[in-house]
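**Student:** The listed protein sequences correspond, in order, to chains U and E. For the first sequence, our numbering puts the final residue at 112, and the numbers step up evenly by one. For the second sequence, our numbering puts the final residue at 113, and the numbers step up evenly by one.
Watch out, some of these pointers could steer you wrong.
[Claimed, not checked] Here are some chain E residues pointing at chain U (derived, C-beta under 7 angstroms):
(1) Tyr22
(2) Pro39
(3) Glu41
(4) Pro43
(5) Leu45
(6) Leu86
(7) Gln105
(8) Gly106
Hints are computed from structural coordinates only; laboratory data are not their basis. All C-beta atoms, glycine included, are put in the ideal place defined by N, C-alpha and C.
Chain residues, written in single-letter form:
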Amino acid sequence: DTAVSQTPKYLVTQMGNDKSIKCEQNLGHDTMYWYKQDSKKFLKIMFSYNNKELIINETVPNRFSPKSPDKAHLNLHINSLELGDSAVYFCASTSGGGNEQYFGPGTRLTVT
Amino acid sequence: TQLLEQSPQFLSIQEGENLTVYCNSSSVFSSLQWYRQEPGEGPVLLVTVVTGGEVKKLKRLTFQFGDARKDSSLHITAAQPGDTGLYLCAPARLGNQGGKLIFGQGTELSVKP
């Protein structure tokens, strides 16, 4: 059974478009994250939600808006996509601070 | 802003060789995690070290947390092609905020048969 799943796996779109990435975890975790991994493999946290409440919001453009309809889901909507948004986006979840984070397989976003 | 450095950034070796990768910082951490990310997949936790000077072994992998809890090392004995991947360290700062992990830039390891 998949623990953390993301859709889509690949996303190719043009500049200016709006797109969403979805994430679901079936581990019963209370905390979920979005990370961005750039072309140099640097993995940086973007957002964190705990029980549907936003608890971490790093310096991310307002074009990025996370939404958590319930604690098992955390979606990421991106408006007015730019070339620099091209990256691999990872969703992760954990049962508590400092504990193991379980990562999804990633969504490779390519903006042309 | 804390400075977290992993070295080397790239490492290409032959099967059977030994290697060590490092994770260094000027900050003190309450704990530190090592993850391995294989191509096309998300990172997977290998180990968490908590106590200064702690040594943990996972088959051919040996992890050490520095006495001052500012640095860590990962030693792989007799590397195999299956060890290929991106090795990431992720310390948790004292007064951890919401489980936030700050990853190093990683060491990309390639083990050739």
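**Student:** All the hints need checking, so say for each whether the structure fits it.
**Tutor:** Each hint tested on the structure:
1. Tyr22: For E:Tyr22, the interface hint is violated, since the closest Cβ of chain U sits about 17 angstroms away, which is over 7 angstroms.
2. Pro39: For E:Pro39, the interface hint is violated, since the closest Cβ of chain U sits about 11 angstroms away, which is over 7 angstroms.
3. Glu41: holds, 6 angstroms
4. Pro43: Status holds, d = 5 angstroms.
5. Leu45: Nearest chain U Cβ about 4 angstroms off; hint holds.
6. Leu86: This interface hint holds because 6 angstroms falls under the 7 angstroms limit.
7. Gln105: Holds. Min distance 5 angstroms.
8. Gly106: Where the cut-off is 7 angstroms and the nearest Cβ of chain U is about 5 angstroms from E:Gly106, the hint holds.
Going down the numbered hints, you'll see the structure goes against 1 and 2, while the others check out.
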